[in-house]
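I would like the entire structure built from these sequences, with the hints used as guidance.
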Amino acid sequence: MSVSTAPETDRDQSTHELSSPDIPWELIIWNDPVNLMSYVSYVFQSYFGYSEAKAAELMMQVHTEGKSAVAHGAKEKMEAHAVAMHGFGLWATVQKGGGRG
Amino acid sequence: MAKAFNPGRRGITGFLEPAERDLLRKLFDDIITILEPSRPAHEDPLAALIGLDMDVAVPTDPALLRLLPDAVMGDADASLEFRQLTERSLRESKIGALRAATLDLDKDKLVLDAEAAGLWSRALNDVRLVLAQRLEIRDEGDAERVHQVQDWGEADDVESYLSLVYNFVSWLQESLVQAMLAGLKSSS
Numbered sequence: 001m002s003v004s005t006a007p008e009t010d011r012d013q014s015t016h017e018l019s020s021p022d023i024p025w026e027l028i029i030w031n032d033p034v035n036l037m038s039y040v041s042y043v044f045q046s047y048f049g050y051s052e053a054k055a056a057e058l059m060m061q062v063h064t065e066g067k068s069a070v071a072h073g074a075k076e077k078m079e080a081h082a083v084a085m086h087g088f089g090l091w092a093t094v095q096k097g098g099g100r101g
Numbered sequence: 001m002a003k004a005f006n007p008g009r010r011g012i013t014g015f016l017e018p019a020e021r022d023l024l025r026k027l028f029d030d031i032i033t034i035l036e037p038s039r040p041a042h043e044d045p046l047a048a049l050i051g052l053d054m055d056v057a058v059p060t061d062p063a064l065l066r067l068l069p070d071a072v073m074g075d076a077d078a079s080l081e082f083r084q085l086t087e088r089s090l091r092e093s094k095i096g097a098l099r100a101a102t103l104d105l106d107k108d109k110l111v112l113d114a115e116a117a118g119l120w121s122r123a124l125n126d127v128r129l130v131l132a133q134r135l136e137i138r139d140e141g142d143a144e145r146v147h148q149v150q151d152w153g154e155a156d157d158v159e160s161y162l163s164l165v166y167n168f169v170s171w172l173q174e175s176l177v178q179a180m181l182a183g184l185k186s187s188s
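Just so you know, the protein sequences line up as chains H and V, in that order.
Heads up, the first sequence is in full-length UniProt numbering, so the first residue is 1 and it goes up one at a time.
Heads up, the second sequence is in full-length UniProt numbering, so the first residue is 1 and it goes up one at a time.
If you are wondering where the hints come from, they were derived from the structure by calculation, not from laboratory data.
Nothing here was measured: the structure is a model prediction, and the numbers come from that model.
Heads up, some of the hints might be wrong.
Computed, partial: chain V to chain H, Cβ under 10 Å [what the hints assert, rightly or not]:
1. D55
2. A71
3. L85
4. S89
5. R138
6. D142
7. K185
Note that CB positions come from ideal geometry on N, CA and C, so glycine has one too.
In structure tokens:
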């Protein structure tokens, strides 16, 4: 992602993953050098309804680790999320979940 | 010079010089041209209605592929099936955002409500994704190389000109998104 302003991240903030071993699909967001960190954070907040802290944490995970599993659930739901992410211009894929992406 | 987008009670206000409006119109129009399907909608009215497109193929233009990426990592068949179901409506939604932003450029005052701001941020982002492909921005180092080009006096070749345009659109999107984030904060 592109760095314009350093976001305030709280790495100690615990997050509640919407994860279940029974629902084995996940939505992966991949890092790219174009999308602004602020924009990715905005999309995570406005589309998924994540808190500012959780959006920042996921955004930083994408930025530093190259990708992040930002949602988990039924296949159809993850596919709908992927289309929405492509609409925003984020690089998203769906996959069968294993552990954390 | 353009001014940064500014959040206010009546919406997010921007200010662009006429030359900057012309530049954005041209850029939005270029992306619309890239996104417009080469073939008409499916003849079958039901297929057309739900956006189904069985003739769709993976884009050969890397810029278009970045706008319409494969959705299933490592599974070309599943990605293609996904395209058949979703690509046409995704193209239309992107074109819709670009057209809406173009229409706003014709207004004397650029004041965006939350919905218009969302459409603008998507339109600007798609412009940046395409310019980044043309500028071969593949990693953070490439992004930094382009970011270094800041002087319009240096715009003596296509690459430096595109770099300056990319940096302008990036700055504009950043200021818009900051205004949108401020709006989210005040409404939560």
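Results of checking the hints against the structure:
Checking D55/V against chain H: minimum C-beta separation of about 19 Å lies over 10 Å; hint violated. Interface hint at A71/V: satisfied, since its Cβ lies 5 Å from the closest Cβ of chain H, which is below the 10 Å cut-off. Among the interface hints, the one on L85/V holds; its C-beta lies about 8 Å from the nearest C-beta in chain H, closer than the 10 Å criterion. Of the supplied interface hints, the one on S89/V holds, with its beta-carbon coming within about 8 Å of a beta-carbon of chain H, less than 10 Å.
Of the supplied interface hints, the one on R138/V holds, with its beta-carbon coming within about 7 Å of a beta-carbon of chain H, less than 10 Å. Taken as an interface hint, D142/V checks out: its beta carbon lies about 6 Å from the nearest beta carbon of chain H, inside 10 Å. With a least beta-carbon distance of about 7 Å to chain H, the hint placing K185/V at the interface is held under the 10 Å criterion.
Consistency note: the structure conflicts with earlier hint 1 alone.
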